[in-house]
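**Q** Model the full structure from these sequences, guided by the hints.
Protein sequence lines correspond, in order, to chains A and B. The C-terminal position of the first sequence is numbered 230 in this note's numbering, with every residue numbered one higher than the one before it. The C-terminal position of the second sequence is numbered 230 in this note's numbering, with every residue numbered one higher than the one before it.
In case anyone wonders, no lab produced these hints; they're calculated from the structure. Keep in mind that the hints are not guaranteed to be accurate.
The list cannot tell twin chains apart, which means a pair is met if one copy fits it or any two copies do.
Said to hold, decoys possible - Cut-off 20 Å, straight-line C-alpha distance, at most; resulting in silico cross-link-like pairs (EDC-like, lysine to aspartate or glutamate):
(1) Lys226 <-> Glu188
(2) Lys191 <-> Glu152
(3) Lys140 <-> Glu198
(4) Lys140 <-> Glu172
2 protein chains.
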Amino acid sequence: MSPIAATPEPPYYAVIFTSLKSPGDEGYAQMAERMIERVSQQEGFLGFESAREEVGITVSYWRDLDSIERWKADLEHQEAQQMGRSQWYQAYTIRIARVERAYSLHKDTTR
Amino acid sequence: MSPIAATPEPPYYAVIFTSLKSPGDEGYAQMAERMIERVSQQEGFLGFESAREEVGITVSYWRDLDSIERWKADLEHQEAQQMGRSQWYQAYTIRIARVERAYSLHKDTTR
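**A** So this is what it looks like as structure tokens:
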């Protein structure tokens with residue numbers, strides 16, 4: 120699977136999650152893996168992209184706002200959110216945005 | 120400066136640039152630095168966030184679509200875009216999105 124999400128034609132939605140981790144992050148990696156598994160099964164989930172250096176950026180893509188709301192309300196995800204607030208993150212910003220235009224370059228690597 | 124952009128109340132715009140680098144990327148780091156310098160002086164530019172692991176994600180924030188168009192048309196930036204297409208990137212997707220909601224956590228680290 121490409122680490123660049125294969126999303127449909129706009130419009131659709133993006134949740135941009137930018138975070139700074141806390142020094143102590145016990146259990147984080149395991150929960151992150153579990154959340155990726157779980158979010159992938161959500162109705163309306165279109166894909167995600169993620170990278171971390173000084174800051175972590177995870178962008179998830181969604182069919183509509185309702186799908187985002189359902190994922191936010193998911194019980195296991197709520198537990199993860201609570202751990203994020205209390206333990207794992209020093210700071211974060213979450214932005215919900217409507218993707219209006221998109222374009223891509225994909226070079227053929229098979230030649 | 121925090122690596123999480125301090126953006127105003129929505130609405131505003133985000134340009135989500137997700138990329139895979141090519142093996143040969145001579146001149147990339149220097150150009151990237153120059154572009155950060157240059158974009159920071161653009162009218163309507165609100166900030167940016169960036170991280171690279173397997174994939175690179177750079178999100179820049181803008182007051183409006185006109186500001187995004189002006190930056191896209193900037194001559195030095197166009198040169199960088201051309202180098203990106205021909206040399207630096209194996210693949211990328213650029214998404215232009217209207218940020219409709221945002222919320223943040225910032226823990227006080229001074230205590």
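**Q** Are the CA atoms of Lys140 and Glu172 at most 20 Å apart within a copy, between copies, both, or neither?
**A** Both: 10 Å inside a chain and 16 Å across chains, each within 20 Å.
**Q** Cα distance capped at 20 Å. Does Lys191 pair with Glu152 within a copy, between copies, both, or neither?
**A** within (17 Å within a copy, 36 Å between copies)
**Q** Which holds for Lys226 with Glu188 at a C-alpha limit of 20 Å: within a copy, between copies, both or neither?
**A** neither (36 Å within a copy, 25 Å between copies)
**Q** Which holds for Lys140 with Glu198 at a C-alpha limit of 20 Å: within a copy, between copies, both or neither?
**A** within (17 Å within a copy, 36 Å between copies)
Consistency with the previously given hints fails for number 1 only.
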